[in-house]
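Protein chains in written order, with our numbering: chain C, 1 to 309; chain L, 1 to 729; chain G, 1 to 179.
Keep in mind the hints are simulated off the structure, nothing from the lab. It is possible that part of the hints are untrue.
Unchecked claim - Calculated lysine-lysine pairs in the BS3-like style (CA-CA distance at most 25 Å, straight line): (1) L/Lys394 <-> L/Lys440; (2) L/Lys551 <-> L/Lys361; (3) L/Lys547 <-> G/Lys126; (4) L/Lys596 <-> L/Lys254; (5) L/Lys665 <-> G/Lys40; (6) L/Lys688 <-> L/Lys107; (7) G/Lys40 <-> L/Lys229; (8) L/Lys248 <-> G/Lys40; (9) G/Lys161 <-> L/Lys248; (10) L/Lys229 <-> G/Lys161; (11) L/Lys155 <-> L/Lys502; (12) L/Lys134 <-> L/Lys159.
Here the structure is a predicted model, which means the values were calculated and not measured.
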Amino acid sequence: MLELLTTRNNPMIDPSLHVWGWEIPVYLFLGGWVAGAMVLSGWLMHRDPGTERPSVTRLLPWVGLVLISLGMVALFLDLEHKLYVWRMYATFQPTSPMSWGGWILIGVYPVLLLAGIAGLPPALADAWAPLGTLARRLRQSDARRALVLANITFGVGLGIYTGILLSSLGARPLWASGVLGPLFLVSGLSTGAAFAHMIARDPDEQSALLRSDNLFLLTELALIALFLIGLATSGVAQAQAASLLLGGPYTAAFWVLVVGLGIVLPLAIQSLMATRRIGHTLVAPMLVMGGGLALRFVVVAAGQASFWP
Amino acid sequence: MNTISRRRFLKISGLGLGAASLAGLSPRRLGATAAASAGTVRAVPTYCDICFWKCNAIAHVRDGRLWKITGNPEDPLSRGRLCPRGTGGIGTVTDPDRLQSPLIRRKARGGEEWVEVTWDEAFDYIAGKLQKIKVEHGPEAVALFSHGIGGAFLKHTFKAYGTPNIAAPSFAQCRGPRDAGFLLTFGEDIGSPERTDIRNARCIVLIGSHLGENMHNTQVQEFAEALGKGATVIVADPRFSVAASKAKYYLPVKPGSDIALLLAWMNVIVTEELYDQAFVEQHGFGFENFKAEIVERTPEWAYLETGIPPEKIRESAREMARHRPATLVHPGRHATWYGDDTQRSRAIALLNALLGSWGRKGGFYYPSSMDVPGYPYQPYPKSGRGKVDNPGKKYPFAHETISTGIREATISGQPYPVKGWFVYATNLIHALPNEAETLKAIQALDLLVVVDVIPSEIAGWADVVLPEATYLERYDELNVEYFRDPFVALRQPVVEPPGDQKPNWWIARELAFKLGLGEYYPWQDIEEYLDYRLAGAGLSLGTLKEKGLVKGTPAPAFFDEGVEALWPTPSGKVEFYSLQLERAGFDPVPRHQRQKEGPPGSFRLLYGRAPVHSFSRTQTNPILRDAMPENDVWLNASVGARLGLRSGDYVRLRNQDDVLSSPIKVRVTEAIRPDCVYMVHGFGHTAKGLRSAFGVGASDAQLITRYETDPLMGGTGMNVNFVSIEREN
Amino acid sequence: MARFGMAIDTTKCVGCMDCIVACKTENDVPDGYCRDWIAKRVEGRMPDLRMTITSERCNHCDNPPCVTCCPTGASHVHVYGKIVLVDHGKCIGCKACVASCPYGARFMHPDGYADKCTFCIHRVDKGQLPACVEVCPTRCMTFGDLDDPQSEVSRLVAGRKHFVLKPDAGTGPRIFYLE
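Chain C on its own, in the form it takes in the complex:
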């Protein structure tokens, strides 16, 4: 028998770490979503320049602004020293993904805003002359190319940062996986794609988004497999961490909410939609988005419960 006793009983640390509640998973989910939306916006703008059709690229930046702001609110709520938040911007810490993230967010806002303005219907933009001028300027091809590049750059940056934020915290074996970053990035892309094809009105665009979403979901499945295999075959600590998902307290939530309802089921439905055997339904993209949220919750919670022996 091995018995471990400790007199430590610090709040949020013992009996197991729980420094992060709902705020961080919600932020990571929204951040990933916005990252996905930005990458997809960039892709769509690049794919179909100068279109006059009702593209989702007109709406996505505005939605992104709202979502990232909600995410920032969640992040802010999590801070214990809120008045000191400006300290993030009094420095740059190159080893800290959080510091990178803080600065990336500074760039995300103007990019989203400019992309949104570029997509404003002329009637709306022209209501205020300078805005109309700016919108027209942004639609010119050089500015458009810059916007495509900025959307993809900051989208990928945001996606990677929210992905590696956890894996950079070496103390948690479950997070100490190189697959976690790509997994969160792809999950963000699939969430973004799901939302986009849910609101897309152009059939061609919707179809392209749907097919890309299916690809993201398949990739996500593969990454989850890699993630688990990698953990289970690494050290004792990682194997113990994997067992949290493979036969422990987080197993049901992970397999039912994340994998089953969040990936496999919507993938099946969307495959049928892609081959036009069924019509478009809101259920599948909603499931994908729910799955993305569940993934962040499960990984944040299970990661905190994992520890080095």
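Position chains L and G relative to chain C; hints supplied.
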């Protein structure tokens, strides 16, 4: 000095520590990370009162508020390092549950409903009752229960009042049997602080004693020092204690079979002729008779009693012999286990005698004290009736007052009635076995007064509660320590009491005046008294206030330093065979008696100490409570599996008399035998005023409804209760 | 430059928690929190049991994940003795450092900043020992400069069998437990 000197530290760190060299360590930055250094600090030397060890301490007051307490580097007891309880001592001052003002009972006894009164009203009430008792029943009808040095002035007042009945549970509920056993053998007792030379011991034998969990400071320090020097440790304990984890031989002895183990050890040492023959020949009395008995007690015989394999007994006995005379078989302290405790302590004394450790380095030293004359009071009135606790010398070897004897007399009215109890700093509900008997005695009283710092259980039953200032808020009697390095130490106030609490000397003096005994207090205030006494020793209060303690010259402590081997026993020798025991009808050589087993499915209830708590008085100390907020009950892993219990589950314990404990957390562990359970004493408070400790953990005292009285000295063996375990849902 | 560390002799430590209580008063650690703690590891079966008692705290790691993850630089390795510290005025309370510490050595102070053992830098700066080291009744703790091969702590680590906590976490802990 234990503080690393600046120069030495510089060498260690290899870094200049002058301000100039602290590159990058701007004061602002250091201030932000190390707020503790801020403020102006005043250091006041005093001595500790969390336990009876009375270590010398320095209280640090920062910006007018108590900050921390550290050991006085000049102190031979603490050697500059307090134990965790002493270090957490400021919590006694900040304890939010402290008594604030004198209280008089409003409803039935034990109802804990009070009226706040002035000190004058309280004294009038008490004095009125005391005078009435004196007139109706004589002054002997009042008993004083007093624990610790703080009771010195109350003892003086009550001696002046005329009662000889002054007791503390520290005798019959604690160390009494140990001291009686050693007195019967060597003619001298062990004393407090124990006269054990642990630091020089090469082999330390602990029988149920859990050094490191009990934090008798000097002993633990010396234990660690001996470990560091490679001493062998042998531990016999049903529980794998901290000390056991340091042991070369851990012997999980069946509870209650310690005497069998001790006899078998002596058998090996005698039959293999490993004992100190010169010592035995020169100083021993009745060795041949002793030997004739001891040869019967083979390790094989003991195996059946103790469960310890004969080879382990032999090996550990030889280990002891190998290191003699620097082999210390520790006499323990809380020795009231099974009612045969004086004989067990005698067996320990005899084993030490065989090893020749008495008066030898690594064994037992001869303590000395400084000559600080007492205050010349007028003589106390003589009592014609004698003490009430031990009528007809029923317990012939009781050399102090038996607290439970006073309780018995209070209930029976024999040999004469006891009508008043005055209780100082001892929570009798947790200290005496069988709470029901204590409550019965209380119901027979005309007056129960309790002086305490916190609203303890016994205070809850009082007619009058008097709130005492803590040790950091008062002067006290001088501690003229009887120790290896003698010294005299002062307790002095560090801060003011926060409410209407008063120091015990003031309470005792005021009460004496109310009782018309003012002539017993010729001094006006405590400083005058202390200065007078100190002047008698060529010292002054000013010196003591500044230094805290003044050391005397150590006298020779061992035979080889010139101590003369004198044995104040009837034979004038070390009594291997005791004629006085034989004459009184007891075993002249200790014998093992099998202990009664409990009902099927029950476990023997054992209890002990935690390093961060003292008795039942520190559980509301915010700092110490933080360190250990509740106790748990240890349960062997196989038993836990059988009962479907896991560590962290809550259970209640039900004893053989159907008393049910409050809920207590289980620790399922390999570290205890399957036939017993263990918990730390002092938890499971039932006094409403102890808000932060009320109902937290369980009380062993509540479950100790039975006890075996030691026929030699009246001690109450308390490890004779059995509990079953009920899951708490 | 110095590199402070500790050697703690587990053969002497009795787990009495004096280190915890002393830290608490010295550093005004709030009720319900601790900067150091006692861990016990009990192995084996009755009567063949082993117990290892360790007094644990921030390891002031050579490779501190709590410092690399900090977005504001509040968590830093101080030039003085390479002690890992938190600048309260810079901490935003994001808790990344708390999550990053494999030892659970950090906690969120009720005032909103990450808090932990400072090796009592305010005392060490004055030539005193950390409060836990100075109070220990068993004298099982030795504090000093690991970069100075002549220091007592270096000699103990060099000369005695020892272990560190969670070596696989790769943090380079600077508290050495002597066996």
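Outcome of the hint check:
no. : hint                  : in the structure
1   : L/Lys394 <-> L/Lys440 : 22 Å, holds
2   : L/Lys551 <-> L/Lys361 : 22 Å, holds
3   : L/Lys547 <-> G/Lys126 : 23 Å, holds
4   : L/Lys596 <-> L/Lys254 : 12 Å, holds
5   : L/Lys665 <-> G/Lys40  : 18 Å, holds
6   : L/Lys688 <-> L/Lys107 : 15 Å, holds
7   : G/Lys40 <-> L/Lys229  : 23 Å, holds
8   : L/Lys248 <-> G/Lys40  : 19 Å, holds
9   : G/Lys161 <-> L/Lys248 : 19 Å, holds
10  : L/Lys229 <-> G/Lys161 : 16 Å, holds
11  : L/Lys155 <-> L/Lys502 : 17 Å, holds
12  : L/Lys134 <-> L/Lys159 : 13 Å, holds
In summary, this structure violates none of the numbered hints.
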